[in-house]
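> Single-letter residue listing:
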Amino acid sequence: RKEVEQDPGPFNVPEGATVAFNCTYSNSASQSFFWYRQDCRKEPKLLMSVYSSGNEDGRFTAQLNRASQYISLLIRDSKLSDSATYLCAGGSNFGNEKLTFGTGTRLTIIP
Amino acid sequence: GAGVSQSPRYKVAKRGQDVALRCDPISGHVSLFWYQQALGQGPEFLTYFQNEAQLDKSGLPSDRFFAERPEGSVSTLKIQRTQQEDSAVYLCASYPGGAGNTIYFGEGSWLTVV
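Top line first, the protein sequences correspond to chains F and Y. The first sequence begins at 1 in my numbering and counts up one residue at a time. The second sequence begins at 1 in my numbering and counts up one residue at a time.
Extracted from the complex, chain Y is given alone in its bound form:
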């Protein structure tokens, strides 16, 4: 497809369970971002990749959060031992680079931890 694709769209996890969220960016976009959006809040930066290199992971809230993009295209955000405070929408975005452009979001993965 033409846009950023994320899966699963909805995930209910029991507390303590591990989850993996997938992002397929727009073809040709070298930059990929993960954001977390809690209810009633704006998106909060988690991590950033340029191709396969993770250049910034300063927003990851704890060492339970891990992201990878091994071949520079599809990315996976993994959350280990999920907690209730991890409940949020996880948005992936890709960026084409160059002046005058901005990031384009996927529809998000809605995670509910019960």
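Just chain F, same shape as in the assembly:
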């Protein structure tokens, strides 16, 4: 079993809809979690950090559930520009921030 698991998708969602992804992690020692966005043939870029009970940034909301060991990403009012692969990652937060990534979830927003 991979340490971080995601549904690879693809998710094809109409513009304006709300879409949610989940990511599960198996290492209970993981302290910090992140969502990265990766466009085709580009490097991953940080979308959101997820700490304690989660956080919100505009149309994006990330939640952490330590008891069930999963994090989620919710995108509201989805836009064509949201089409990308979304990677979740966990780190030990012991000062080196070595991250373990999931395989990524591919999202396509349909006009």
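Some hints here could point you the wrong way.
[What the hints assert, rightly or not] Taking lysine-lysine pairs in the DSS-like style, the calculated list, with each CA pair at most 25 angstroms apart, reads: (1) LYS57(Y) <-> LYS45(F); (2) LYS42(F) <-> LYS2(F); (3) LYS2(F) <-> LYS11(Y); (4) LYS11(Y) <-> LYS45(F).
[Stated by the list, open to error] Rough simulated footprint, nothing fancy, chain F against chain Y, three-plus residues with beta-carbon under 8 angstroms: (5) 22-30; (6) 36-42; (7) 67-79.
Just so you know, these hints were derived from the structure itself, not from any lab. We treat Cβ as the ideally placed atom computed from N, Cα and C, and that holds for glycine.
Based on these hints, arrange chain Y on the given structure of chain F.
Using the frame of chain F, we list chain Y on its own:
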């Protein structure tokens, strides 16, 4: 520049050839990481440096892979006797340290072994 810089961006190597991939991290970032990303997969950890010290190389897939960062800034990932399964994007990332921060990736070096 302000970001992590990697070169070459694209490399085609014949099987058995040695390759060297360079990473120039963000100025002042003491931590540097190398990741390997195969097509359709997430980045997989290869190795980690803090300044010039290689503190973790547990992700290097074989002894054909070697990384160095002799002066604590620029790093080189070397792959000897390349094999087709080495074809991937090699991502370098640097980390500023401290709470609330995360790693920042370069654009990657795309390696194709033919």
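> If a hint holds in the structure, say so; if it doesn't, say that too.
Checked hints:
1. For the hint pairing LYS57(Y) with LYS45(F), the CA-to-CA distance comes to about 24 angstroms; that is within 25 angstroms, so the pair holds.
2. Restraint check for LYS42(F) and LYS2(F): the C-alpha separation of about 24 angstroms stays at or below 25 angstroms, so the hint holds.
3. In summary, the hint linking LYS2(F) to LYS11(Y) is not supported, as the alpha carbons are separated by about 30 angstroms, beyond the 25 angstroms threshold.
4. Distance restraint check for LYS11(Y) and LYS45(F): the Cα-Cα separation of roughly 23 angstroms lies within the 25 angstroms cut-off, and the hinted pair is therefore satisfied.
5. With a threshold of 8 angstroms between beta carbons, the proposed coverage of the segment 22-30 of chain Y by chain F is violated, since 0 of its residues qualify and at least three are required.
6. Restraint check on the segment 36-42 of chain Y versus chain F: 3 residues with Cβ-Cβ distances below 8 angstroms, three needed, restraint holds.
7. Check on the segment 67-79 of chain Y: 0 of its residues sit with their Cβ under 8 angstroms from a Cβ of chain F, so the three-residue criterion for coverage is violated.
Hints 3, 5, 7 from the list above are not met by this structure, while the remaining hints are.
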